[in-house]
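Protein sequence lines correspond, in order, to chains X and U.
Here the first sequence stands for residues 1 to 589, numbered as in my numbering.
Here the second sequence stands for residues 1001 to 1334, numbered as in my numbering.
Source of the hints: derived by calculation from the structure; they are not laboratory data.
Treat the hints loosely; a few may be bogus.
To be verified - Heads up, simulated DSS-like pairs for lysine-lysine below, C-alpha to C-alpha not over 27 angstroms straight-line: (1) X:K449 with U:K1224; (2) X:K185 with X:K199; (3) X:K341 with X:K405; (4) X:K228 with X:K295; (5) U:K1078 with X:K407; (6) X:K405 with X:K125; (7) U:K1224 with X:K405; (8) X:K262 with X:K117; (9) U:K1224 with X:K400; (10) X:K415 with U:K1078; (11) X:K400 with X:K415.
Here's the letter readout for the chains.
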Amino acid sequence: MTPQRSSRTRRIAGAALVVAALTATAACGGGSKDGDGGDGKAAGYNAGVKGIANPSAKKGGTLKFIGKQDFDSTDPQRQYYGFAWDLSRFYARQLVSYAPKPGAAGAELVPDLAKAKGVVSNGGKTYTYELRDDITWEDGSPITAQDIKYGIERLWATDVITGGPGYLRQVLDPKTTYKGPYKDKSAAGLKAIETPDAKTIVFNLASPNGDFEQMLAMPAGSPVKKEKDTAAKYQLKPFSSGPYKFESYTPKKSAVLVRNDKWQKSSDPIRAALPDKVTITVNSNIEAIDELLIKGEYDVDMNATGMSQAGRTKALKQHKDNVDNIETSFIRYVDIATKVKPFDDIECRKAVIYAADYQSMQKVRGGPDAGGDIATNMLPKSIKGSDGYDPYGILAREGKPDIAKAKAALKACGKPDGFSTNISARINNPGEVQTAEALQQSLQAVGIKAEVDTIDGAEAASITGSPAMVKKRGLGLIMTGWGPDFPTGQGFSQPLVDGRFIVPNGNFNVSETNDPKINKFFDDALKETDPAKAGEIYKEMNHAVADLAVQMPFIYEKNFTWRSSRVTNAYSTAAYNGRYDYVSLGVVK
Amino acid sequence: MTAPSHDTSVDTERSRTADVPSGSAGKPVEGRSLRQIAWSRLKRDKFALAGGVVVLFLVIVAVFAPVIVSLLGHPPDKFHQDEIDPLFGTPIGSFGGISSEHLLGVEPNNGRDVFSRIVYGARISLLVAFLAALVAVLFGTVLGIVAGYFGGWVDSVISRVMDMLLAFPQLLFIISLVSVLPNDLLGMTGSNVRIMILVGVIGFFGWPYVGRIVRGQTLSLREKEYVEAARSLGAGQRYVLFKELLPNLVAPITVYTTLMIPTNILTEAALSFLGAGVRPPTASWGQMLSTAVDTYESNPTFMIVPGVAIFITVLAFNLFGDGVRDALDPKGTR
Chain X
1 MTPQRSSRTR RIAGAALVVA ALTATAACGG GSKDGDGGDG KAAGYNAGVK GIANPSAKKG
61 GTLKFIGKQD FDSTDPQRQY YGFAWDLSRF YARQLVSYAP KPGAAGAELV PDLAKAKGVV
121 SNGGKTYTYE LRDDITWEDG SPITAQDIKY GIERLWATDV ITGGPGYLRQ VLDPKTTYKG
181 PYKDKSAAGL KAIETPDAKT IVFNLASPNG DFEQMLAMPA GSPVKKEKDT AAKYQLKPFS
241 SGPYKFESYT PKKSAVLVRN DKWQKSSDPI RAALPDKVTI TVNSNIEAID ELLIKGEYDV
301 DMNATGMSQA GRTKALKQHK DNVDNIETSF IRYVDIATKV KPFDDIECRK AVIYAADYQS
361 MQKVRGGPDA GGDIATNMLP KSIKGSDGYD PYGILAREGK PDIAKAKAAL KACGKPDGFS
421 TNISARINNP GEVQTAEALQ QSLQAVGIKA EVDTIDGAEA ASITGSPAMV KKRGLGLIMT
481 GWGPDFPTGQ GFSQPLVDGR FIVPNGNFNV SETNDPKINK FFDDALKETD PAKAGEIYKE
541 MNHAVADLAV QMPFIYEKNF TWRSSRVTNA YSTAAYNGRY DYVSLGVVK
Chain U
1001 MTAPSHDTSV DTERSRTADV PSGSAGKPVE GRSLRQIAWS RLKRDKFALA GGVVVLFLVI
1061 VAVFAPVIVS LLGHPPDKFH QDEIDPLFGT PIGSFGGISS EHLLGVEPNN GRDVFSRIVY
1121 GARISLLVAF LAALVAVLFG TVLGIVAGYF GGWVDSVISR VMDMLLAFPQ LLFIISLVSV
1181 LPNDLLGMTG SNVRIMILVG VIGFFGWPYV GRIVRGQTLS LREKEYVEAA RSLGAGQRYV
1241 LFKELLPNLV APITVYTTLM IPTNILTEAA LSFLGAGVRP PTASWGQMLS TAVDTYESNP
1301 TFMIVPGVAI FITVLAFNLF GDGVRDALDP KGTR
């Protein structure tokens, strides 16, 4: 919610580049005893999407993750990568967390360390929780309300605890009067959180925010035991509150998690904790990762950003039963810059939407399976308030251009013969340049001459994230993608279309939409503590955005992911952007 | 190249005596110009000739690209998505979708005709390489002669600038330059801007290589008797520089230019590969290679075709350039 934050997904793109450059050693091998994945049988194509693949309650064995991208940090307060949030549930607990259920049901919040979800009072500004019994640290000491408060307080030490999301800071102390536990040694600490006793914790928000529990459910809301806090070094060995603890962690190489025998199953309704051991291996070569997965040497790609084109081809042709075609909460879309002429005129924006060949762009990205379904509006299906709103009749025309309407729109905006503009596309984002070329081709048919301007993904924040730069380079159309930090309308849409989020640098409201009506929808929705009612408001907000034609979504993204034949209990959850719910996974032996 | 009017040139004299066939005592010794001598040597070098023919062929292809494509291909930017299996992104036909319709297959994901894009890509490669070489030679020759002839502080300044430029990370510089410069420059738009930037920057960083050689040659030539003679007869500096020295520098400059062109082709390909080349959808070989990386395992054809195009072009220029060097300067060591 702080406008300066960078989106998880975008940071991954940048960081992946850096890692690719730095990680020269490919750490692989290790425990490859069985050639083709052991006794287990592959559960069938899309079994982990339709429901639970290989349901089982059998304990034991080693679950082996592999991935190109290492944790951004294992320190719960410093994590921002989506997959790291998913993995953190092995060793970090929060007051509330996501239900261990497949699909959209997985986005529901359930009590974790708390006995029940928060009791809301004071007009939505006060949240009170009572802690469960038998919740313990890895040394057997109880997890107290003070530990949770201390963990959250660390977020204010922004010079030491870097990288994590700023949502809790924004909501609890928007003026940042508190300086963090390392500088402020007073007994009271962060005044917005009260801990009357070891089992009770009270949050006082500056203003109501219906998504507050979503923010507590992020790893940023995890407890940290003060005596065990090693500040910046905490990420080398975080102290576990969950069913597993770190045996070893070598950044950019590997991690081994073993059972935390002090963790009590009775205190934790969420974590299945089936395997005895969880290993994490980092390998810089994405093709090699797919090879090793297909060979059965590893179980799951923890990054889950989709298999490489080569891996996908092999997997689908030879081992289709091990593949899931997951629907992510990611939307591929084009921002239409309203401050770049002629897109200050809504009719010119509509002309682009009518002239665009969605089908061609979808095919370039891999068609309905490898790419995803054609998008008609800017809320992913997993978010409350999403519907099939399609004001430009994209599905009715099967994604093909509507030349007549495009020409009519061009006439209405006073450019009957078309105009010139630029499309920006990130060169290191697979398929993005080719998608921009597809858009360019279809716009040409109505006389809109669009040049493709390729930019480096790492520079996106300073080019497309800077309204001045967008204007200077004349970037009328900016191709990009977006996934939510948490699955609500606020988490997905507010940074993109709330006019008060426009900032001079690192801007995500690239279209520079600033519509009082839309801004008010967000204010109203934030006051709503009932997710269903908030969803209704987000629905109206989403319709208003679509009517303004400031964004042109074209794909609800899908990925192909691999699950080994050994893996049990695999299901895709909306809570983690379509990834498997890692803490529920088991292995056959 | 005109033969130097001054027969005092040591180089020329030496080459003449060297080339007089020993068994031709009966015939009167006929004077031959350096050009004739070089040509007769070049003719004997089969590899160089083959390289020259390929170079000529490539130039013709580049110049007549629209005609060739209208006869044998499709518009280079036209999508043929029916030829592509969307799930895998690769061409449906085998060997990258090679058919009588698409002579070199189709591009993954969007199905553009590879043949047409290779032909149009030749335009970009050769245009950038030639123009950049021209820029480098112009700068290098002028500054090299000036540095070598005048010596002193002029030489020091120019030489240090050359050292500096040779140490400059040009690839990184161009990549950042491309992202900083606006899309419209001096009234040009789109790919023309990028071509101009590429030519300017590759040429700018290339001139010290020419400059150093020209400077070295000038240093030795300026002490020659014919230069002194011209000077003592009252010739001005400009006359000495451009009428006395320059004609004798043509050989090394020619050699260096022909050898610089393939380097420029490779630089252009590398920059396009990294996304700092011409803007899409303008076809370029380097950019095709970068697209091919995603599918090389299932669709190697698309990687092989532009790779071979670059390989043949660079090889042809190098063979030709080596031949030219041998012909002009047979004493030079390889």
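Now the hints, each set against the structure:
1. X:K449 with U:K1224: 61 angstroms, violated
2. X:K185 with X:K199: 22 angstroms, holds
3. X:K341 with X:K405: Roughly 20 angstroms separates the two Cα atoms, so the pair holds.
4. X:K228 with X:K295: 40 angstroms, violated
5. U:K1078 with X:K407: 22 angstroms, holds
6. X:K405 with X:K125: Violated. X:K405 to X:K125 sits at ~48 angstroms, over the 27 angstroms cutoff.
7. U:K1224 with X:K405: 78 angstroms, violated
8. X:K262 with X:K117: 24 angstroms, holds
9. U:K1224 with X:K400: 75 angstroms, violated
10. X:K415 with U:K1078: 25 angstroms, holds
11. X:K400 with X:K415: Roughly 22 angstroms between the alpha carbons, so the hint for X:K400 and X:K415 holds.
Taken one by one, the earlier hints fail for this structure at numbers 1, 4, 6, 7 and 9, listed in ascending order.
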